[in-house]
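Peer 1: As they're listed, the protein sequences go chains A and B.
Sequential numbering of the first sequence, starting at 1, is according to my numbering.
Sequential numbering of the second sequence, starting at 1, is according to my numbering.
FYI, nobody ran anything at the bench for these hints, they're computed from the structure.
Positions of the beta carbon are idealized from the N, C-alpha and C atoms, including for glycine.
Any given hint could be a false lead.
Estimated spans, in silico, between C-beta atoms of each pair [what the hints assert, rightly or not]:
{"id": "1", "chain 1": "B", "residue 1": "T306", "chain 2": "A", "residue 2": "E12", "range": "54 to 62 Å"}
{"id": "2", "chain 1": "A", "residue 1": "D122", "chain 2": "B", "residue 2": "E160", "range": "35 to 43 Å"}
{"id": "3", "chain 1": "B", "residue 1": "T187", "chain 2": "A", "residue 2": "D122", "range": "21 to 29 Å"}
{"id": "4", "chain 1": "B", "residue 1": "N63", "chain 2": "A", "residue 2": "D122", "range": "50 to 58 Å"}
{"id": "5", "chain 1": "B", "residue 1": "K97", "chain 2": "A", "residue 2": "L18", "range": "35 to 43 Å"}
{"id": "6", "chain 1": "A", "residue 1": "D192", "chain 2": "B", "residue 2": "A22", "range": "22 to 30 Å"}
{"id": "7", "chain 1": "A", "residue 1": "N293", "chain 2": "B", "residue 2": "G185", "range": "49 to 57 Å"}
{"id": "8", "chain 1": "A", "residue 1": "R218", "chain 2": "B", "residue 2": "E252", "range": "57 to 65 Å"}
{"id": "9", "chain 1": "B", "residue 1": "T187", "chain 2": "A", "residue 2": "S127", "range": "20 to 28 Å"}
{"id": "10", "chain 1": "B", "residue 1": "S157", "chain 2": "A", "residue 2": "L18", "range": "27 to 35 Å"}
There are 2 protein chains.
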Amino acid sequence: MKNRDELSILIEDYISKLPFPAQPRGLYEPIEYTLEGGGKRLRPLILLMTQSIFNPTMEHELNAAAAVEVFHNFTLLHDDIMDNAKIRRGKDTVHVKWGNSTSILSGDAMVIYAYSLLSRVDSRYLSKVLEIFSKMAIEVCEGQQYDMDFESTQNVSLEEYLEMIRLKTSVLIAGSAQIGATLGGATAQEGDIVYRYALELGLAFQIQDDYLDAFGSRELLGKSIGGDILEGKKTFLSIIATLEADAKLREEFITLLHSDALAPEAKIEQVKEIYNTLNVADIAKKRIEKHLNAALEILNELDLATEKIEPLKQLVSSLLDRNN
Amino acid sequence: MKNRDELSILIEDYISKLPFPAQPRGLYEPIEYTLEGGGKRLRPLILLMTQSIFNPTMEHELNAAAAVEVFHNFTLLHDDIMDNAKIRRGKDTVHVKWGNSTSILSGDAMVIYAYSLLSRVDSRYLSKVLEIFSKMAIEVCEGQQYDMDFESTQNVSLEEYLEMIRLKTSVLIAGSAQIGATLGGATAQEGDIVYRYALELGLAFQIQDDYLDAFGSRELLGKSIGGDILEGKKTFLSIIATLEADAKLREEFITLLHSDALAPEAKIEQVKEIYNTLNVADIAKKRIEKHLNAALEILNELDLATEKIEPLKQLVSSLLDRNN
Numbered sequence: 001m002k003n004r005d006e007l008s009i010l011i012e013d014y015i016s017k018l019p020f021p022a023q024p025r026g027l028y029e030p031i032e033y034t035l036e037g038g039g040k041r042l043r044p045l046i047l048l049m050t051q052s053i054f055n056p057t058m059e060h061e062l063n064a065a066a067a068v069e070v071f072h073n074f075t076l077l078h079d080d081i082m083d084n085a086k087i088r089r090g091k092d093t094v095h096v097k098w099g100n101s102t103s104i105l106s107g108d109a110m111v112i113y114a115y116s117l118l119s120r121v122d123s124r125y126l127s128k129v130l131e132i133f134s135k136m137a138i139e140v141c142e143g144q145q146y147d148m149d150f151e152s153t154q155n156v157s158l159e160e161y162l163e164m165i166r167l168k169t170s171v172l173i174a175g176s177a178q179i180g181a182t183l184g185g186a187t188a189q190e191g192d193i194v195y196r197y198a199l200e201l202g203l204a205f206q207i208q209d210d211y212l213d214a215f216g217s218r219e220l221l222g223k224s225i226g227g228d229i230l231e232g233k234k235t236f237l238s239i240i241a242t243l244e245a246d247a248k249l250r251e252e253f254i255t256l257l258h259s260d261a262l263a264p265e266a267k268i269e270q271v272k273e274i275y276n277t278l279n280v281a282d283i284a285k286k287r288i289e290k291h292l293n294a295a296l297e298i299l300n301e302l303d304l305a306t307e308k309i310e311p312l313k314q315l316v317s318s319l320l321d322r323n324n
Numbered sequence: 001m002k003n004r005d006e007l008s009i010l011i012e013d014y015i016s017k018l019p020f021p022a023q024p025r026g027l028y029e030p031i032e033y034t035l036e037g038g039g040k041r042l043r044p045l046i047l048l049m050t051q052s053i054f055n056p057t058m059e060h061e062l063n064a065a066a067a068v069e070v071f072h073n074f075t076l077l078h079d080d081i082m083d084n085a086k087i088r089r090g091k092d093t094v095h096v097k098w099g100n101s102t103s104i105l106s107g108d109a110m111v112i113y114a115y116s117l118l119s120r121v122d123s124r125y126l127s128k129v130l131e132i133f134s135k136m137a138i139e140v141c142e143g144q145q146y147d148m149d150f151e152s153t154q155n156v157s158l159e160e161y162l163e164m165i166r167l168k169t170s171v172l173i174a175g176s177a178q179i180g181a182t183l184g185g186a187t188a189q190e191g192d193i194v195y196r197y198a199l200e201l202g203l204a205f206q207i208q209d210d211y212l213d214a215f216g217s218r219e220l221l222g223k224s225i226g227g228d229i230l231e232g233k234k235t236f237l238s239i240i241a242t243l244e245a246d247a248k249l250r251e252e253f254i255t256l257l258h259s260d261a262l263a264p265e266a267k268i269e270q271v272k273e274i275y276n277t278l279n280v281a282d283i284a285k286k287r288i289e290k291h292l293n294a295a296l297e298i299l300n301e302l303d304l305a306t307e308k309i310e311p312l313k314q315l316v317s318s319l320l321d322r323n324n
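Isolated chain A, as found in the complex (with noise of 0.2 Å):
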């Protein structure tokens, strides 16, 4: 069974070579230009990894990985329109660089893309495959129609924050797992069991995001931190503190938080001092542990090795390294 290095390089090696047109540019360029941005390549990474524990021998469904990765960049492209972001990883955001048309335009393909590449499963799996994709396809949608709506919504409460983030980011890492366990043979409850980890896992994963947004550090993230502070968005932490902070600090957090009349640097050092005032950091951290241990605790459901399972442990590990 190939360890993660190797699978990751598989995987950066399919995606590099997928056999884009050479016209029309305009269309493929941005696609190219998207996918060669590189990123942590999570969603291919946990199909082929649910792949190879249920069976070692078979060939990787590189088609498929590569799938789940082309739809999470189409969803990069079309949110960085809507969110109007203009640095992604480093580099020119594809709006930003060729204008709204081109990166709504390239965006769709990309969709269509994935789906080609997903129809070439083997055909015994192809029905099943299909469906667990489409369904989280569909809510990734809905989960970014509810952070838009979140924008225009005063309160926000936990509960609808979490669900928020289970749709538009944790199904997709679910349903990549789902994938990988579907076509490598295992039984429904199987692939339900690893769906649900992949799950728990992809809301730890969002809550260290929001959480390294403010307290990461520039260096190891490649990205400058405070951009949810600034944007003034709703994330985990600004949600805890206004649950945690008494009616005139949460009345002082909400008004700073939605400021436009500070330098950047001041309003989120104001901010995290709020948040370091109300540990929030703390409660954050306490919260992706939670996850992660439900996540190792769902794997226990496996009847399967020790051995075999320890790749997914290992995942949630380097989560939690990420975390501290």
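Put chain B on the given structure of chain A with help from the hints.
Peer 2: Chain B only, in chain A's frame:
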């Protein structure tokens, strides 16, 4: 075998009852708004027709029929953002009513929804149907890219223009016909014949759209005349005009077409005067008839009883009627 009107009722009924989730409203309301907007439903109609030609007793694959219609409506939704179109089928476009972000996201959800509907076809045909669908879907994106590229291209040849409308408009009609044939159990060769038939039909259809924009009746079309002229768009008519005109008139025509200085009515009138001088309408009509005749010719390649092919012939006639 059901006639055209009966099939249309089936389609409308199925589409109006598609069970979209209640929430998030912001995502699904624009989709319902778009789909209830009517339109000719040409793509699902041709799909059901070709299906019944090859298998009159089989239950209609309304899911597949709805899939091509939902996909078509998705392209309208995203194209309207890119073209900054304000009105579609007499109603505000989605991006005018709800904004660009909603329009992008609801469109995305429609692509996924279309695949989800399509995935429910008989599993024997699933792989083939997906292949046809993804190929045509990506070609539609390519066509839209060429259409956008043409905006900033001085000289577009007739050949390039026809290739653009083949991709942007015809392949979706042709693919719908081929999917229907496939679902009806047609051979690959028969599927290819109806594909080529519908491709010609689609070319005629698009050139006719170009023709009607300048020479149609506002009452019959339900939209204002001259939109393409006001936008200075490249159409079959404008390309023929540049080919037929001498150097002096060509210069005058191009300047006029890109001018914003005139009142809308005056610009339309002056462009149409040049079209009349150059006999552009007749050339367009002849070209439409050429493609419709080619469509009829291709139908003769089918080794089927005349009455079976009749509905497809009638589709051709109904387009000819619209022309005269």
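Peer 1: Kindly indicate which numbered hints from before are broken by the structure, ordering the numbers from low to high.
Peer 2: 4
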